[in-house]
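*Asks:* Starting from the known structure of chain A, fit chains B and C onto it as the hints suggest.
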Amino acid sequence: MKTFIKINTLLIACMAFIATSCNQGGDSSNGALSSNIAEKVYVAPGERDEQYAFLSGGYSGNLTVYGLPSGRMFKEIPVFSQFPTSGYGYSEETKPMLNTSFGFIPWDDLHHPDISQTNGELDGRWIFANGNNTPRIARISLSTFETEEIIEVPNSAGNHSSSFITENTEYVVAGTRFSVPVPQRDMPIKEYKENFKGALTFIAVEPEHGHLDIKFQLLMPGFNYDLSHPGRGKSHGWFFFSTYNTEEANTLLEVNASQNDKDFIAAVNWKKIEEYVNNGGGKKMPAKYAHNVYDESTHTATSTMKDEVLTVDPSEVPGAIYFLPTPKSPHGCDVDPSGQYIIGAGKLSADITVHSFDKMLAAIDAGNFDGDAYGIPIIKYEDVVAGTVQSGGLGPLHTEFDGKGNAYTTFFISSEVVKWKLETWEVVDRQPTFYSVGHLMIPGGNSRKPHGKYLVAMNKITKDRYLPTGPEMEHSAQIYDISGEKMQLLYDFPTHGEPHYAAGCDADLLMNNSKKIYRIDENMHPYAIKSPSEAKVVREGKDVHIYMSTIRSHFTPDNIEGVKVGDKVYFHITNHEQDFDVPHGFSMIGQGTSEILVMPGQTKTSLWEPKRVGVWPFYCTDFCSALHQEMQGYIRVSPANSNIELSWSLDE
Amino acid sequence: MKNNFIFSIGLCLVATLMMMCTPQQSEQAEDTTAAVETHPQGQASVVDDVSDKNILQVAIGSEPHSTLVAAVQAAQIEHVLVNAGPLTVFAPVNDAFDALPEGTVENLLKPENKSQLATILTRHAAPGSYDVDGLKREATKGRKLYMATGDYLEVVVEGDKITVGGAEVVATVPASNGVIHVVSSVILPK
Amino acid sequence: MKNASILMIVGSALLLGLFVFPMWNIRLGAPQYPEPLGIDIHINGLQGESEFDIQNIDGLNHYIGMKVLPKPDEMWEFSVFPKVVLSMAAIGILIGALGLLGKISSVWFLAWFVIMGILGALGIYDFNLWLVDYGSDLDPNAILKLVNPDGTPMVYNPPLIGHKKLLNFDAFSYPRLGGIMLGIGMLFSLIAFFIGRKATLKAN
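Chains as they are written, first to last, in this note's numbering: chain A, 1 to 652; chain B, 1001 to 1190; chain C, 2001 to 2204.
If you're looking for bench data, these hints aren't it; they were derived computationally from the structure.
As a list, the in silico DSBU-like pairs of lysine-lysine whose alpha-carbon atoms are at most 30 Å apart:
#: 1; chain 1: A; residue 1: K380; chain 2: B; residue 2: K1141
#: 2; chain 1: C; residue 1: K2067; chain 2: A; residue 2: K530
#: 3; chain 1: B; residue 1: K1144; chain 2: A; residue 2: K193
#: 4; chain 1: C; residue 1: K2071; chain 2: A; residue 2: K516
#: 5; chain 1: A; residue 1: K380; chain 2: A; residue 2: K421
#: 6; chain 1: B; residue 1: K1136; chain 2: A; residue 2: K193
#: 7; chain 1: B; residue 1: K1114; chain 2: A; residue 2: K419
#: 8; chain 1: A; residue 1: K262; chain 2: B; residue 2: K1144
#: 9; chain 1: A; residue 1: K262; chain 2: B; residue 2: K1136
#: 10; chain 1: A; residue 1: K530; chain 2: C; residue 2: K2071
The structure displayed is predicted, hence computed values, not measured ones.
Extracted from the complex, chain A is given alone in its bound form (with noise of 0.2 Å):
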C-alpha cells in the first residue's frame, strides 16, 4: 500500500512538472503572440481601456465616449441634441441649455472637441465643443460627462474653425465659416465682396469654474474661415485660421472658391489685442445671443439673453494680424508640439505647406510684405514657408503629431494616412484608410505632450467595411498602432453619427475625477426633497407641482389624485438613492416629452399635460433593481370641473 501511494505520488508529480513546462510553453508562444494584432486591441472582459477618445457626432449634435485600443463606445454625450435617453432638452432643468437668440433650438452640428490644457498639455477639466449651424460653443465638463455650458456666438453662420482652445485654456476660439452681413441687413447677396465679414470671437474661460464670456469679436475679410489651432510654447499668443474662398464668391464655391493658387492662414496675435481691448479698445455693437449655465448644486440651467458684443476692427490694431500664402483652400490649420511649425493642409493640392513660426517673425520684422488684403499684410510665401511634403498624396485635409518629431496627415482623396517627419519633411510611411478618411487624432495630439500610442483614422465612408444596413450606415473609425516606425492598423470600428474631429487623453487623467453620485446634502434644487417624508403635492392654479423621491424601488407618493384634466403637472423626481449607477427613470403615459433619467441625489422635473379623464400609470424607466417592474404608480385625472381634493400616499 505504501508502495502505491510512494508511486501515485510519483505520477502526480510527473504530470504536475509537465504541466508546469507545457505552461511555460505556452507563455513563450504568449511572448511570440505579443505581436499578434487582435491582441493589441484586446481587452479583457473587467479590464478597462488605456484612453480615452472622444469623438464629435457631427450631425447627431452630441459627443461620444470611446475607450483605446478596444473601440468599445462608453457614452453618448448630449451636447447640442435632445436626447431621450437622459431626458436632456426634455426636462424642465436642462431646455434652457438649448435656448438661443433664434428660440428653442434642439439640435445641432457637433464638429471639434478639444480638451481643456494647462502650459500646453492636456488637464482634462472640461472638454470645449461647437455647434456648427447655429452658432454656439458648449464646456462640458470631465467629471460629471454633463454639458455645463453653451454660449451662442453672434455674427457667426457655420461656426467651423472653433472650438479651439489656447494653452492655458485662456480662451477657447470660434471662427466663422460663412462670411455675413455685420450686423445681419437686407441686402443682396451679389454685393457679399468687401461687404460681408468673417468674425473671429474669442470667448474667455474664467480658469475656476470653466464659465464662458466672449472676450471680443474680429471682424475679419469676407473669407470662409475654415479651421485654426492656437500658438503653443514659443508660439504661445498666436492663433491661426485657415482660410479658403479668398476670391469671396458667393455661388458655386466648389469652382469659384478653388481659383486663387494660394488661399491665407491668417496668424492672430490674441495677446496684443487682448491688451488693445483692455485697454478701452473695440467697439461695442449691439448682439442678440444666448448663454445657458447649468448649475450643478441645482441642477438647473438658466438661459440669459446678452445684447452687446465687443468687436475690433483688424485696421485698428496694427501688427496683430498677417496672413501667410498657402497654397490651395488649405483645411486643417495644425501646429506641431514646439509651437514652431504650422502645417497648413491645401485640400485641393498634393503637398502639404509647413510655416515657420520664427520665420513669420523675422519676415514681419524686416517689414517686407507682399501687399495687403483689406489692409492687413501679407507675408511673402518665400518669407515663411519652411517646408513641404512632397506627398504623393491627394487631398490633404489634417494633420497631428505624436510628440516624436513625427506628423500624421490625412488624405481624403487618396485615402490614407501619410506619416511625414518634421524638419526633413520626408514622407516616412503611408497606410490606406477605409475609405476617404477626414480627420485623424492623436491623444493629446494638438498639444505640447501627444500621447502617441494611437492613431484614429475617421473616414466619411464606409461601403462594404460592416454588414450592410440599408443605404445609411455609421461612418468607419480606423485604429493605428504608431509606437513603432511604421504605423500598424489595428482594427475598425463604427463611430456614431458623423465624427469630424476627435479628443483623446489618457484614462489616468480622466478616471480618478469622475463623479460616482451627486450628494443629496448638496442638492440645492428648490423642488428637491431631502427625505421620503417631504413628499407632497401643491397646487397653484393650473399648476401641480409633485415632489416625488425615489428609491430601489419605489415612488413616494405613488397613489395621487386630484388632478384634473388642463393641469399642467410637474412631476419634481428627486432620487434619493447615493449609490453609485443607481439611477431611476420616470415616464407617464401620454406625456408629450421623454422619460428623465434621474442621477443619484439629483432633481429632475418632467412635465405632464394630462387631457383626458382616467386612472394613469407612470413607472420607472431604468432596470434599477430587482423589483424595477414593481417600481410605479397611479394618478387619477378628473374632469376639469371636478371639486376633488389633491391626495398622496404611499403604501397607506
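*Replies:* Using the frame of chain A, we list chains B and C on its own:
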C-alpha cells in the same frame, strides 16, 4: 490496486498528450498581418452592381480605354477614381496612347516607373465636377483648369470643339463621382 | 519590575486606540459592488467605510426584511462600552504607575488581564448575539423570503470572524486597528505580569 496503478499511468500519458500545446501552435500559425490582409484592396474592390457607375467602373467597361485602365492599375491609383470626388477625368483613348512614341507606354508600365506614370495620369484629373458647360464657362471666364498635380491646363473653345491642355474632348460620359471627358490625345507636360 | 510596569502602562494606554480607530469591520462584496460595502464598528457607533455604505446596505437589506443598522442611541453598548474601556484603561495605567512606584506586585497586572479578558469575552458574546439577531429577526412582510433547503428560513448574520457567503454577497468580518490595539494591549499586560513576576522572583 494494480488497476489503480495502471489507471494512474494511463492518466499521466493522457495528460502528457494533452500538454502538447496544440492550441498555442495553431494561434502562432495565424499571421500578424491578418487584419490587413482580410481586405487589402481598398475602395476599388467594393462590390456594388446597383449604384451608378463611378469613373473607374465606366472606364473598365469601355473597350477603347483598355490602355488607360491598364495604366491606372499599374500606377495603383484606382482608389482615387472611385473616391467620393467629385473629379473630372480626361480619359485618353487607346489610339491616343498608341500615338505616343514607340515604347513609351511599355516603358511607363514597368513597375519602376510607377510614380512617373501616376503623375502623368493624375495630370488628367481635376478636382471638381466640370461638365461640358462647366468647361465652356471656364474658357469664357478665362480661367485655367487646376489639375490634381497642381498644374493648370488651358481650356479652349472653338465653335463646338473643346480642347483641354491641347487634347480634344470627343465625348463626355457622366459618372457617379464626377465626369469623364474622352480625349483624343494624352496630355503631356509642356 | 520597572520594565513590566512601563509595559503595563503602554498596554493599557493602547486601549485608548479604540476611541480613534474602528474595532471591527464587516465588508460585503458582490459582482455589482466591485468596491465592497463596508461597516466599521467603532466603540461608540457604526460608520460606513465609504460615506454612503450604511445607507446602501440598509437599502439592500430591506429586500430581505432586515432591520436598518442601529444608530448609536439605539444600542446601549455604544454608550456603555466607551465607559468600560476608558475605566479599564485608567485602572490599568494606575496599577502600572503603582507598580512603577513599587507599591503593588505584578499579580495586579494579571488580575487586570483576567478582568479585561472576561469583559472582552462578554463583549464578543454580546456582539455575536446582536449579529444573530440582526441577521435572523426578519420582517415577516419582507419582499424576499428565502428558505434553506431544509425549509428553515434563511438567516443573514455575517460571521463573527472570517468569511461567509450570504446569497450573492461575500461577507468578511475582521478586527481593525482599534481591535488589534486592544489585543496587543492585553498581551502586553500578560507579558508585564510574567516579566514582573520573574523580576520579583530574581530579587527574592
